[in-house]
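Chemist: Produce the entire structure from the sequences given, and follow the hints as far as they go.
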Amino acid sequence: MISSDVIRGYTDTIILYLLLDKPNYGYEVSKMISDRSDGKYTMKETTLYSAFNRLEKNGYLRSFAGTETGGKTRTYYELTPLGREHYETKKAEWLLTKEVVEKFIQ
Amino acid sequence: METILSYLDNMFAHMPKTAEVNRAKKELSQMMEDKYNQLRSEGKTENEAVGQVISEFGNLNELAEVLGISSQVQEATDDQHYILVSQNEAEQYIESQKKSAKLISIGLAVLFSGLMILMLFLALDNSSFLSEATRSKLPEDFLGGIGVGILLFSIAIAVYFFIQGGINHDRSDLFEREYVKLDSSTKAMLQFEKQAHLPKLRNNIAIGVALILLGVASIVIFSALFNGADFYIFLGVMVLFLMIAIAIPLFVSAGMVDSAYEKLLNIGDYTLEKKQAQARTAKISGPYWGLVTAGYLAWSFITNDWQTTWIVWPIAAVAFGAIASIINAMATRKER
Chain U
405 MISSDVIRGY TDTIILYLLL DKPNYGYEVS KMISDRSDGK YTMKETTLYS
455 AFNRLEKNGY LRSFAGTETG GKTRTYYELT PLGREHYETK KAEWLLTKEV
505 VEKFIQ
Chain E
38 METILSYLDN MFAHMPKTAE VNRAKKELSQ MMEDKYNQLR SEGKTENEAV
88 GQVISEFGNL NELAEVLGIS SQVQEATDDQ HYILVSQNEA EQYIESQKKS
138 AKLISIGLAV LFSGLMILML FLALDNSSFL SEATRSKLPE DFLGGIGVGI
188 LLFSIAIAVY FFIQGGINHD RSDLFEREYV KLDSSTKAML QFEKQAHLPK
238 LRNNIAIGVA LILLGVASIV IFSALFNGAD FYIFLGVMVL FLMIAIAIPL
288 FVSAGMVDSA YEKLLNIGDY TLEKKQAQAR TAKISGPYWG LVTAGYLAWS
338 FITNDWQTTW IVWPIAAVAF GAIASIINAM ATRKER
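Chains U and E supply the protein sequences, listed in that same order.
First residue of the first sequence? That's 405 in this note's numbering, and the numbers climb one at a time after it.
First residue of the second sequence? That's 38 in this note's numbering, and the numbers climb one at a time after it.
Hints listed in this document are in silico derivations from the structure and should not be mistaken for laboratory results.
Treat the hints with care, since some could be wrong.
Stated by the list, open to error - Result set (PhoX-like, lysine-lysine): computed pairs, CA atoms no more than 20 Å apart in a straight line:
(1) Lys-448(U) x Lys-435(U)
(2) Lys-495(U) x Lys-476(U)
(3) Lys-62(E) x Lys-476(U)
(4) Lys-136(E) x Lys-448(U)
(5) Lys-81(E) x Lys-435(U)
Modeler: Structural data, given as structure tokens:
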């Protein structure tokens, strides 16, 4: 099981990554996280919403009301240019972190 | 779905009604509804879907931080002694109790099956199926001896299962003695799960009680019909043990899980007061039941009156209740 303490520093980056291609809404993002991790990590709803809220306040995300084809109105989140930049920074940071940690824990 | 909405209402009941809080609530309810619908479409039952959605909701404190209302969510801490249990720990505890309940149930079923088989051999020993000729060829007490051997063997197996089921790898024995404090979302999750478990508990108890009554009735009927012939009384006791072997695991498996929820929620048989009382009687319950078991076996083996000695158990159970209440009455008087 993944410790939430360990992954906490990267929840924001994971969400930014999942929004790189196109805007999306809460449940879809949460589903992508579970699916891509083969069910090994499920982001709690409060964690996800807190992250959306924080990222929006920092100007990395923008939200708008959108409608799925034939579906309900949902809040979509879209990456801002600043968010894209932030993602690149965090990605570089992670690659370095990973490299260093792997030198010690194998 | 209504359960989820009322769960969410509950979570937000003590939050200030700001625009930001309302938005958070709306967003969360949308995400939960989406997840619920997805799970339902995958074929999960209503209960399974609601259970999963609630257990994956998370923690309100986390939300409060970004909404800038941390102070309101923090529950007022008093100076009462308590232990703090996280959602993760609570979930692991429930899982481990479910596993323990299974192991202990198997042990009990084996134990009472052993007693049942012993009764079968004793019944045969007192029957007319064996002619005097065959009987004279067998060593003395041959059938009873085999029965006792099987009983001892089944006790050994049962003890193995009891030990396996009784092992705690963590601090969970504290949940029986201390006031458990949970965050509000974990508390709501456990309340829901306990509610969902209730039908199973009721069913198991009803079936178990019916089986045991049937077993007791079989003794009464057999001895009445056959003028108390030993063979039929043994047969009746055998039926009783068979019924107990099925019924007790039903009680234990559902009861232990329900108790686990009560311990975490400090309700039912595990309110703070009862936890304190239990901590007092826990000191004597181990030795007490050990003595009763030893007494039962000694009496049975010495007198060979297996058709009478089972009466030890109901008497011991009633006496234990009396002793426990005397201890607690004395303890509470001392505190005053």
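Chemist: If a hint holds in the structure, say so; if it doesn't, say that too.
Modeler: Checked hints:
Under the criterion of a C-alpha separation no larger than 20 Å, the hint pairing Lys-448(U) with Lys-435(U) is consistent with the structure, at around 11 Å. At most 20 Å may separate the alpha-carbon atoms for a hinted pair to count; Lys-495(U) and Lys-476(U) exceed this at roughly 34 Å. A hinted pair counts as satisfied when its Cα atoms are at most 20 Å apart, and Lys-62(E) with Lys-476(U) qualifies at roughly 17 Å. Between the alpha carbons of Lys-136(E) and Lys-448(U) the distance comes to roughly 26 Å, so the proposed pair goes past 20 Å and is violated.
Proximity of Lys-81(E) to Lys-435(U) is assessed by CA-CA distance (about 16 Å); at most 20 Å being required, the pair is judged to hold.
Checked against the numbered hints above, the structure violates hints 2 and 4; every other hint is satisfied.
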